[in-house]
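Novice: Listed below, chain by chain, are the residues.
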Amino acid sequence: MTIERGDIELAGVCKSFDGVTNVVDGVNLRIADGAYCCFIGPSGCGKTTILRMIAGHEDPTAGEIVIGGQNVVGLAPVQRRTAMMFQSYALFPHLTVRENIAFALRVRGMSKTDRLRAADAMIEKVRLTQFADRLPAQLSGGQQQRVALARAAITEPRVLLLDEPLSALDEQLRVQMRQELRRMQQELGITFIHVTHTQLEAIALADLVVVMELGKIKQAGPAREVYAHPHDRYVAEFMGGQNVLTGRVEKVNGASFVLAQGVTDGIEVPLPPRPTVSIGDQIDIAVRRDDVILVRPGQALPAGCKSPLPGRVLAIEYQGYFVKVMLDATPDDDFVAYVPEKIFFADPFIVGDAVLATWATDRARPLA
Amino acid sequence: MSVISAGMPETVAPATRKAIAPSKGGRPWTFYALATVFTLYVLALYGPMICIYILSFQDIRGGLVFPMKGHSLHWFVDLFTQVRTGDVKGAFDRSIKLAILVTIITVVISFLAGLGFRRRFRGDAIVFYMMIGSLVAPGLVLGLGTGLLFQTLGLNASWHTSALGAQLSWTLPFGVLVMFAVMSRYNRAWDEAAYDLGASRWQTIWLVIVPVLAPGIVAVALFGFTLSYDEFARSLQTAGSLNTLPLEIWSMTLNVTSPSLYALGTVTTIISFIVIGASLGTIVVLQKKRGGGTKG
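Chains C and V supply the protein sequences, listed in that same order.
Take the first sequence: its position 243, counting from 1, is numbered 243 in the working numbering, and each next residue is one higher.
Take the second sequence: its position 223, counting from 1, is numbered 1223 in the working numbering, and each next residue is one higher.
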């Protein structure tokens, strides 16, 4: 009966609150024991609902949720060996840090001395010893988060569920607490499932990134795969860092195809391993923004680059180690180049300059 | 000024000079106007009561109007010893008991209603308006109706049956409204966190909801007590043969023409202050207890 592992399987999970529309719509996913998994998507995409269903705060309308090999639908959180960290932490305002952390042990009937001793050990782990007798209202955001983490962890869960845990913190603290979450996850050796709408947070933390839209999973995979090889236009645009171009397939030859794009002679794109591209198809391709090379008209293109897109500089943003240059190269989509700082300032562009945007042909990828 | 402006263009906004606030920290005239209004308001609010309190401390020659004749506690003694002033002690006893009964029922039902109304449910608006509706009914009419109903049903009207019911029709809606205001600051995530940590429903109520809402619950109790202790209109036709304190005072105004009446006013005020002080004290203690850990 007891759940010993933290691997999770979602099978055909659906959730509808009104019986008409599915907020979560047939989600299938496997999360390995001890993985750090991030659900990411815009608000209303169903990511928090999935989290709450795994936690046992909502029941799925259909489908199975399996934790450690056991279907947990209908079980209480404690029986599932899950614990949740709430978005605003939901610390009990009338209890001190120590009493908050000892709460789970208290409701289990553990004696006062035992539970306070256990709580103190946990308080030490999250480095809050000097705040043990304070009330939540007397703590900073970062300290509150650590209390919430400790309170959840004291139940010795196999799965810890975090609902936008960093959204209440300011930027600097967010980066700091991000590392702390990762450290805790590795220390506890349990599965973390983390819901966020910040792309940077997801790819910085997760072993498994799950991108969602309208109740469905758009792509699930390692952070680098989701960021560098987005499956379709939605994922590419949501994760950012990509230029998405659309066009009609003009030619398919051996290892590549040519995309007609109005403004240019055609863009050569390597074929995917299992090509499903045929002439006449309307197709999206993606080019990473940091793969784009800008040259002035008349200059020679770098080796391996073909079919440059002509355009004008619309705006320039200095970002520190790179410069974000926005172009009007594609009529309907944004086109952005991330130019390394040193290269940009060797021959800086100004707004209005005519430029050619190009990239090594093998850097373009067709999207589904 | 002219020396400076010779060198500088007219960039200093002249409009700000026209604002109400004069320079150098003086108070604007509006402060004095509003302070006068406030002083008059406070006088009108407390003046009449203070007159009563002062006149209750006259000696045996005392009358019902100023000027004050001597000073002693004569009329307080008179109040509790003289038969002609009526059964003040008994009435006081009944009023306190009734108020405690009303307080307990109001607190329990308001708390449960507060819990129930955290979620929306079918017909919640109708239930809510039905609860609040009795506030707009004129108290005398409501009391009259209650008395009539008891008579029709062949029941004897008395302070602990019909008067209790009539008073609850007044204190419950207030209690529920206060409870809703208190509840609106309750974060439902606390319930979920408790459930997540393995607390049963009862444990959630006793370990989380009640302690978090404790100051609000004390406020509801205070409301219930003072509204009942003070209640006249609804009790008039429902108290039966034995009077509550407000009814006793009222009958005294009709047949007692001595400062005993004023002494009674002073005594009841002191009681009210004690009750309010105790309630506020409880809230302070509750909050101290929460913040008490800071030093440790």
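Derived from the structure by calculation, the hints contain no laboratory data.
Mixed in with the good hints there might be a few duds.
In silico lysine-lysine, DSS-like type, Cα no more than 27 Å apart, as pairs [claimed, not checked]:
#1 V:Lys1289 <-> C:Lys112
#2 C:Lys324 <-> C:Lys306
#3 C:Lys112 <-> C:Lys125
#4 C:Lys251 <-> C:Lys216
#5 V:Lys1288 <-> C:Lys112
#6 C:Lys324 <-> C:Lys251
Novice: Could you run down the list of hints and mark each one as holding or not?
Specialist: Hints and how they fare:
no.	hint	result
1	V:Lys1289 <-> C:Lys112	18 Å, holds
2	C:Lys324 <-> C:Lys306	22 Å, holds
3	C:Lys112 <-> C:Lys125	20 Å, holds
4	C:Lys251 <-> C:Lys216	34 Å, violated
5	V:Lys1288 <-> C:Lys112	22 Å, holds
6	C:Lys324 <-> C:Lys251	33 Å, violated
Of the hints listed earlier, those the structure fails to meet are numbers 4 and 6, in rising order.
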